[in-house]
Structures are given as structure tokens and as C-alpha cells.
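S.K.: Here is what each chain is made of, one letter per residue.
There are 2 protein chains.
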Amino acid sequence: MQFETNKNTIPKIKQLISAKKDLHLSEMLAELHHVDLAEILDEIDFESAIYIFKLLDSEKTSDILTELDDDTRERILKVLSAKEIAEEIDELETDDAADIIAELPEEKKEIVISQLDDVEHAKDIVDLLRYDEHSAGGLMGKELVKVYEDWSIFTCVREMRRQAENIDKVHTVYVVDDHEILKGILSLKSMLTTSTKAPIKEIYNDSVISVKVDEDDEEVAKVMQKYDLIVLPVVDEMGRLVGKITIDDIVDVIKDEAEKDYQLAAGLTEDVEADDTIFQLIRGRLPWLILGLFGGLGSVFIMQDFEGIMQNDALKKLFFFTPLIAAMAGNVGVQSSAIVVQGLANDIIKGSLWNRLLKEISLSLINGIILALLILVFGQIMQYDIYFSLAVAISLISVIIIASLIGTFVPIILDKRGIDPALATGPFITTSNDIFGIFIFFYIAKLMLGF
Amino acid sequence: MQFETNKNTIPKIKQLISAKKDLHLSEMLAELHHVDLAEILDEIDFESAIYIFKLLDSEKTSDILTELDDDTRERILKVLSAKEIAEEIDELETDDAADIIAELPEEKKEIVISQLDDVEHAKDIVDLLRYDEHSAGGLMGKELVKVYEDWSIFTCVREMRRQAENIDKVHTVYVVDDHEILKGILSLKSMLTTSTKAPIKEIYNDSVISVKVDEDDEEVAKVMQKYDLIVLPVVDEMGRLVGKITIDDIVDVIKDEAEKDYQLAAGLTEDVEADDTIFQLIRGRLPWLILGLFGGLGSVFIMQDFEGIMQNDALKKLFFFTPLIAAMAGNVGVQSSAIVVQGLANDIIKGSLWNRLLKEISLSLINGIILALLILVFGQIMQYDIYFSLAVAISLISVIIIASLIGTFVPIILDKRGIDPALATGPFITTSNDIFGIFIFFYIAKLMLGF
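Note that the protein sequences, when read in sequence, are chains C and V.
Residues 746 to 1196 in our numbering are what the first sequence spells out, letter by letter.
Residues 746 to 1196 in our numbering are what the second sequence spells out, letter by letter.
Be aware that a few hints might be false.
Identical copies look the same in the list; a pair holds intra-copy or inter-copy alike.
Calculated pairs, DSS-like style, for lysine-lysine (alpha carbon to alpha carbon, straight line, at most 30 Å) [claimed, not checked]:
hint, residue 1, residue 2
1, 971, 887
2, 891, 1005
3, 957, 1000
4, 971, 799
5, 1000, 971
6, 1161, 868
7, 757, 1161
8, 928, 868
9, 942, 891
10, 752, 1000
11, 928, 957
12, 971, 823
13, 1104, 757
14, 759, 967
15, 887, 868
16, 759, 971
17, 805, 766
18, 957, 757
19, 765, 828
20, 759, 805
Since the hints were derived computationally from the structure, they do not count as laboratory data.
Chain C extracted, bound-state conformation:
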């Protein structure tokens, strides 16, 4: 929707560039939101992107920098001098600033930092660079409005006026004690509705949820989602307030997490997008296909063992059912594993393993019996021998039960061992279930039909 608009803007921009109508172009660009401008720079040829970038003022370009695709940003930063980058960084909030500096090559990093205007700002950024990008510290910004519990509302408003000049959006006012330890929050509502002489100590809300600076980002996302938080204070080991995380950064964590699981379930290594280069796409897709190929070659071996029954007019039909058996084993496995992976992600796998085992077996048994009945009907229509149909039907039930158990327990075991359970969905479970399925199918048939 929005994209269509930007798509129409690009030809107009290119026209203005080639006609050298800078003034007209500037006017047009000034109308656009920095997020849309970033989208345009990602789309347009690089030469035009640089041209536009140089034409914009640094307040807008710094915002654009944070929104660009990684590769466009990398290319633009390469063209800019350390001085120019420092000017962009000066305009940014500490968390965005640290993210951009972290992407620079080592030598350039130090030069850029040394060129920053505001020493306090530079200190905060360097401080943030210490944290792992997947921790609360890596997500947080240092900008926050902080008041001391001994102040009156009057002092507080005066101080907020001073602090607010450096902060774009005031989300929450935090209350700390003399040792900078987080005590609570002060709501705008209570400030507006209480006498200005009241001490903060008496009106602040002391039930504040916070996270430790080294908390994992997915855990932070869970806390913010669970308690519907828009901003979350971050404290150090001693409980001192060191920063805050806003929900917009967490939205990205939630989305990335969901997409990662989706891609793994679909047999893509992470981070493949429709617009990546062919080489990137091959790297994302080929490994799982090779895994699938080896699985398929495994079934070739199993079936070779049963080559002999191809001479038997009744038994040879078993081979016709191998893709069906493999498909059912694969589908059941993916269903079971997906439910478990999602349950683990949302912390809703409750009850004992034993209950889960029982539930999964009953479920597969019922599904298996319904599908087996359909196979029997099919066998009657095709006028197969009833014992043959029964053998196929019963081995189908067994395959379904075993496939669902594999699908259920492999992710649970991985999770207990600290491995991402989402790895056990998709091609991994399909491939292993294909082999197990075909193996079980032939052996049960052998047992029942006695060949």
C-alpha cells in the first residue's frame, strides 16, 4: 500500500535528479517521512541514493540511516567520512547510535567516536557497545527522565524541563534513590493531579517491573508482552537504573523470532528473503535439500532389501504405497513438532511428559484409525486382497503413532539440552520420519503377510 506510493515516487525523483532540479527535489523530499525515504533509498540505484542523501539535512539523514536495509546502510557509510558519520551519530538516540557504530570496521569506529560532539553522549554510546546485541543491554537506550525520591513535584518538573530538552519522547519518569537504585515510576497523571509541593516519595508507584542488563532479548520480549509494557527499565546487578527498552525495539525481536521459526519449519536457514541474491538463496536452501536427499537415499537402501517381493503380484503393490507412507509420516511429524515448538515458545507446555506421551498416542491412534479406514475403503474399491489392505492400514497406524512421538519428543529433548527446538521441525523431522516410516511399513507388512 505504502510501497505503491514510494514506487511511483522513484521515477519522479530520478527525473528531477537528471534534470538537476535540486530545489524542486528538496521540496519533494521534505514532504516524505524518513521511513519512506529509507525505503526509497533501499530501492533506487546507489548513485541516486547518495545524491538524495547528500541533499537532505542531517536531522533527517540520521533517522534514515537507522531505517535502511543493512546492505544499503553499509554502502552509504563506506562513502561517508568519519566526520560525516559522527555528525549523523550526534543526532541519534544512544541505542540507534551504538547499533550503527557497531557495524563500522574497527579502525573507523574509533575515529568516529573521537569526532563526536557531545562527550556525555559519546560516553553513553561507548558504554552500550559493551553489551551483547541479544541482551537487554544491547537493546536499551540511555535516554530517560529520572528524578530523586526526595524531590518535590515542583523541583521535579523543573528538572524534567531540563532533561527533556535532550530527549525526543518522554515515556516514563523513573524515581531513584541517592544511590541511583530504581525505586518506582511517577505517572504523568499523579503529577498532574497532585499539589506541586508534595514530595515524590509520597506519590510514586513502587511496583515497577524491570530487567537485568544481561537478560536475554527473547526473555525481555516475553516480559514486555506478558505485562503489556511500552517501556521497560533496565537495571545493573546492584539494581541501579542504567537504561530503558521501548516496545518498538521488542516488536522487531518478536517478529524476527517468529520468522526464524517459520523459516526453519520451511527448510530455510535463517535470514533468507525473497529479494536476496541467488547465491544467498542457494546457501539458505541447499543444506536442507541435501539432508532430504540423504534421507531419500536411506529409503533406497531399505527398499532394496525387499526387492524380492517385486516378483509377487500381490506384494509388489506395497511399493506403490511408499510415497504415501513417507508423506504421512512427514506430515504427522511436522504437525506434532510445530505444536510443541510453539508451545515451548509461549511457555504453555504444561503437565508431565508422561501425560503428554499419553495424549499424543491417543491422538495419533484416533487419527490413524480414521486414515486406516479410508485405506481399507480404497483397498475394497481397488479389489485388493483384504489381508494386503489390512497390512497397509495397520502399518499406517503404527507409522503415524511413531512419527508423532518423534515429532513431539525430539523438540522437547533439544529444548531441555538448550538447543533451539525449532531446528527439529521441517525437513529434519520429515526426513527422519520418511526413513523410519518406510522401515516400519515394510517390517510390519512382512510380519503380517509373512514374506
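For chain C, the structure is supplied; the task is to place chain V on it using the hints.
M.R.: Relative to the frame of chain C, chain V by itself:
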């Protein structure tokens, strides 16, 4: 993590209930966050849940109600009288209130509304009930702080004090004209840093992003994510400010959307969770399994046509490769469709269909050739006839190309026709690709080996 804590709390609570130590229990419950209390009520037996619920004061119970699982809430609401429900509703913000009332049976709905204390609040709730739950109107709340552009900051602060008494969290101050038409936003920063006599007209920010009340919720989620918004004003057809949507409601939309795609890709109809009843789980899983079964029976028909080659010692080996071919066709199809579905969801499917076709064919050709080489190596090791191996290898390449084209274009076509493209992932694409794959495999082998 948090859940473990609540798990330990439950036995303690049950003990206090059976010992009738209400005072002690009340103290313990008062310490807990309403989100945790909701989690406990979802977990504990229903009798204890009701006991706890009646013990808590209505400010806390109303917050708990909005956080409960749908079925726990339904059971609790059944036990409460219309008067009691109305008291809970009185405490809630309009969007949560409307959501709960919408869940009540028709007769109870009207009685509850008639019992509400605050007429303005009741009007707002009834107003919200008109909107589709998957639209901006269905997500928004009516609580907002609104000032007129002609006011001075002084008047504005006075009015905000008055309005804020009814509002828990002041997110943003909206500026409207005499006709209630949304003009812009007033930042706390500009209020804090400008003289109190300045007219709002001169200091408000007029570049405000808003959505129409009938906008689809997924579109709203995209806008809020794209522009990193924490709160988004909603306007009617004339541009009049009618409500606001906060990001915490959108986080749920984003998560639900991602989970829906994931579940469809895994062959689950929507909304199946690990803790659903067996019957719900069967309903979620069986339809796709039946689809897979019919696909498998389709391959039985195709293979029956080639029954004759089982007499030929060289050719009969083709049958050993059918699960491999089906698996590769399925995996490739799921990979391609997942990339397209995700690209469509994120609006990053760019360029013409023709380019996409070309890219997908080159990609599959390269992947196919690599996998075909592996097949040739395998054939050499197994001492297969070279023509046989070549036939398998070349049909594998063809199957991969066609499977990836099906995986790419089916979701694109569904999307163009307004059908959710995620339907075309998972079992749907695997099943159809299984059949196509086996069909192509045997016919190309026939062509090459001349049987």
C-alpha cells in the same frame, strides 16, 4: 521462568483456601501482579479460582478479567451476576470493556450495559461494539487526551489535569480543531520547554500518522511497525479523531498473524495449542492428513501404470527412488512458498513476475544440478547402469524446477485473488508436489530409458 514462580504459588494458595485463612491469602494475593493472578486462575481448579476472584477487590479483578484465557473468562462470567459484571466493566478502559461485553450472550449484554455507572463510559463502549473486531475500530480505545488548537499551553495543562483523572496512562496529547478534526500532536517535550502562554497552534507537530476506523487490523499492524509508533490515532471518514490504538494490542495482532502462518505451514488449521483437548487437536490436524492421504493414493495410481517395469531388473530400481523424489519435490515446494508468503507479508516482493520466474528457475537449476551430481556419485557407488543414474538425475532436476515454480506461483496467484497465500504452504504444496513429482519422474525416465 515467571511461570515456575506461579506454579509454586498454587499449592500454597490451595492450602490457605482449605485452611480458610482468608486474611493471610488476601495479603499474599495483594503482592501479585494481575497478569500473574490471571495465570494462576487459568491453572488452578475452577472452584478455587472463583474463591480467589471473590476475595480480590474489583480494581484488580477487572484487570485480571482482560488477561484470562477465553474459556476461564467465559466460565467466571457465567457465575457472575449482570450487576457484578457491570462493576468490573466500570473499572476497565473502553477497548477492554467492549471486548468483554462482546463475548457475553445477547440477553446478558443489554442488562450489563444498562447497569453501567458512568453514562459517557457506557456510550463509548456501545460505540466500540459497532466495529468489526479485525478493524482499527475494533482495536481502538476511546480514552485520549485531546486539546483544541486555539488553546494556550496554560489552558491545555488545566484541561489535561481534568481529563487525566479518567485516564491511566497519558500516551500522547492530540490537537484537534473546532470540528474535532485531527490536526497534530503536542509533545510533552514542547509543553515542558515552551512558555505557558504560547498558543498550541504555534507549537504542535502537524505531521501525524493516523488510520481510518475501518482499516484492517493487519494493515494497522504494518503501519505501526513501519513507523515505529507506540500509539496511533484513529479518525473517521471526515478525519475526526475517534480513538487511539496502543502498540500492546498490535503486538498480539503481529504474533497471531505470525503463528497463523506457522501453523498453516505445519499443516495445522489455525488456533491449535499444545494444551487443547484431544478433540480440538484432531480437528486441527486430521483435515490436512486426509489431504495428504488422497495425495498418496494419487501416487499409487501413477505407479500402477508402471507396474510392468518391475519385471525388469534394471528398471525396477526406479521404484526405490519414489520417496526420494516425493520428498525433494515437497521440500523444494515448501521452501519456495515460504519465501514468497513471507515476502508478501512484509511487502518485499518487488520486481516483475517475469524476473521472479527467471530467478526461481536459475536457482532451482543450480540446486538441482548439485543434487543430481550427488545422485550420480551414489549411482556409481551402487554400480548402477550409468543411463539409469542419468535418468534419475535429470528427472530430479526437472522435478525440482517444476516444484519450485508451483511453490512460487500458487501463493502469488492466491494473493492476487485475495486468498491468504499461507494456505498454499505446508501439506497443500507438499501433497500436490508429491504427485507431480512422481508423475514427472516416471515419464522422464520412460522417455530417457525407452520403456
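S.K.: Now, for every hint given, state plainly whether the structure supports it.
M.R.: Verification of the hints:
no.	hint	result
1	971 with 887	both (24 Å within a copy, 23 Å between copies)
2	891 with 1005	neither (37 Å within a copy, 41 Å between copies)
3	957 with 1000	both (22 Å within a copy, 25 Å between copies)
4	971 with 799	between (43 Å within a copy, 24 Å between copies)
5	1000 with 971	both (16 Å within a copy, 12 Å between copies)
6	1161 with 868	neither (40 Å within a copy, 51 Å between copies)
7	757 with 1161	between (56 Å within a copy, 27 Å between copies)
8	928 with 868	within (25 Å within a copy, 39 Å between copies)
9	942 with 891	both (18 Å within a copy, 27 Å between copies)
10	752 with 1000	both (25 Å within a copy, 28 Å between copies)
11	928 with 957	within (15 Å within a copy, 40 Å between copies)
12	971 with 823	between (41 Å within a copy, 26 Å between copies)
13	1104 with 757	between (61 Å within a copy, 28 Å between copies)
14	759 with 967	between (44 Å within a copy, 27 Å between copies)
15	887 with 868	within (10 Å within a copy, 42 Å between copies)
16	759 with 971	between (47 Å within a copy, 24 Å between copies)
17	805 with 766	within (20 Å within a copy, 62 Å between copies)
18	957 with 757	between (49 Å within a copy, 28 Å between copies)
19	765 with 828	within (27 Å within a copy, 71 Å between copies)
20	759 with 805	within (20 Å within a copy, 58 Å between copies)
In summary, the structure is inconsistent with hints 2 and 6 from the numbered list given earlier, while agreeing with the others.
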